[in-house]
Amino acid sequence: NAGVMQNPRHLVRRRGQEARLRCSPMKGHSHVYWYRQLPEEGLKFMVYLQKENIIDESGMPKERFSAEFPKEGPSILRIQQVVRGDSAAYFCASSRLRREAFFGQGTRLTVV
Amino acid sequence: EDQVTQSPEALRLQEGESSSLNCSYTVSGLRGLFWYRQDPGKGPEFLFTLYSAGEEKEKERLKATLTKKESFLHITAPKPEDSATYLCAVHNMSQQGGSEKLVFGKGTKLTVNP
Numbered sequence: 001n002a003g004v005m006q007n008p009r010h011l012v013r014r015r016g017q018e019a020r021l022r023c024s025p026m027k028g029h030s031h032v033y034w035y036r037q038l039p040e041e042g043l044k045f046m047v048y049l050q051k052e053n054i055i056d057e058s059g060m061p062k063e064r065f066s067a068e069f070p071k072e073g074p075s076i077l078r079i080q081q082v083v084r085g086d087s088a089a090y091f092c093a094s095s096r097l098r099r100e101a102f103f104g105q106g107t108r109l110t111v112v
Numbered sequence: 001e002d003q004v005t006q007s008p009e010a011l012r013l014q015e016g017e018s019s020s021l022n023c024s025y026t027v028s029g030l031r032g033l034f035w036y037r038q039d040p041g042k043g044p045e046f047l048f049t050l051y052s053a054g055e056e057k058e059k060e061r062l063k064a065t066l067t068k069k070e071s072f073l074h075i076t077a078p079k080p081e082d083s084a085t086y087l088c089a090v091h092n093m094s095q096q097g098g099s100e101k102l103v104f105g106k107g108t109k110l111t112v113n114p
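The listed protein sequences correspond, in order, to chains A and B. 1 is the number of the first residue of the first sequence in my numbering; add one for each residue after it. 1 is the number of the first residue of the second sequence in my numbering; add one for each residue after it.
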């Protein structure tokens, strides 16, 4: 049973480009979460999704960031017009309802 | 607003020197407290879930305990391979819309010297 799969592991984008981060949850998990981790900071919640639904996006910046979890395929976190402040590690986690969340290895985004 | 504070920020131990990490929390209704381990460049690895005061869980050299205001992660006779950042997180049952999000502390960076 493969764990949570994230790709790419490392992503470099120039300012103004778009970044697309992918996450495939563990088999049997229908809940997906995205977190952001800045150096020396804790993990910050961004968004919680179930299939085809955004349940809680209270941690998402109001502009440039969006997330989806389609009926088929991985969850996608999209960042448009990236800025240097978007450089961080982005982690995806998945779970069953009301159970512990398991994390992927993260995507490290660097904006140059 | 839910808050999670971990202490100390960093801890250095000699191999075999037991100690405890602290996680104090403020939530309106705790549904679960979680401990994770994170190695550099990796994602958090799930360790324990605690649901109610008085609950304890063990795994190898680690033991997690929970009170109404804080949790402790006890490390008995640690080894160098226990070196990592240990993260604590809480899930609030009162979250709007039934959100399953976790609120994390900043972690305790543990270094165990041989």
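Take these hints with a grain of salt, some might be off.
[Stated by the list, open to error] Derived lysine-lysine pairs resembling DSS-like cross-links, with alpha carbons at most 27 Å apart:
1. B:Lys109 x A:Lys44
2. A:Lys44 x B:Lys69
3. B:Lys42 x A:Lys27
4. A:Lys44 x B:Lys68
5. B:Lys57 x A:Lys44
6. A:Lys44 x B:Lys63
7. B:Lys63 x A:Lys51
8. A:Lys27 x B:Lys59
9. A:Lys44 x B:Lys106
[To be verified] Distance windows between CB atoms, simulated:
10. A:Arg64 x B:Thr26: 42 to 52 Å
11. B:Gly16 x A:Gln17: 49 to 59 Å
12. A:Gln81 x B:Glu56: 28 to 38 Å
13. A:Lys71 x B:Glu15: 30 to 40 Å
14. A:Glu72 x B:Glu55: 35 to 45 Å
[Claimed, not checked] Which stretches of chain A does chain B cover? Using the computed rule of at least three CB atoms under 8 Å from a CB of chain B, they are:
15. 23–29
16. 38–46
17. 63–70
Note that these hints are calculated values from the structure, not bench results. No experiment lies behind these values; they were computed from the predicted model shown. Backbone N, C-alpha and C define an ideal beta-carbon position, used for all residues, glycine too.
Status of the hints after comparison with the structure:
1. B:Lys109 x A:Lys44: Status holds; Cα separation ~18 Å.
2. A:Lys44 x B:Lys69: Judged against 27 Å, a Cα distance of about 22 Å means the pair holds.
3. B:Lys42 x A:Lys27: 21 Å, holds
4. A:Lys44 x B:Lys68: 24 Å, holds
5. B:Lys57 x A:Lys44: 26 Å, holds
6. A:Lys44 x B:Lys63: 26 Å, holds
7. B:Lys63 x A:Lys51: 36 Å, violated
8. A:Lys27 x B:Lys59: Satisfied, since the Cα-Cα distance of roughly 25 Å is no more than 27 Å.
9. A:Lys44 x B:Lys106: 10 Å, holds
10. A:Arg64 x B:Thr26: 42 to 52 Å: 32 Å, violated
11. B:Gly16 x A:Gln17: 49 to 59 Å: 51 Å, holds
12. A:Gln81 x B:Glu56: 28 to 38 Å: Violated, since Gln81 of chain A and Glu56 of chain B (Cβ atoms, about 49 Å apart) do not stay within the stated range.
13. A:Lys71 x B:Glu15: 30 to 40 Å: 51 Å, violated
14. A:Glu72 x B:Glu55: 35 to 45 Å: This hint holds: roughly 39 Å between Cβ atoms.
15. 23–29: violated (count 0)
16. 38–46: Three-residue rule met by the stretch 38–46 of chain A, so holds; n is 6.
17. 63–70: That given contact is violated, which follows from only 0 residues of the stretch 63–70 of chain A lying within Cβ reach (below 8 Å) of chain B.
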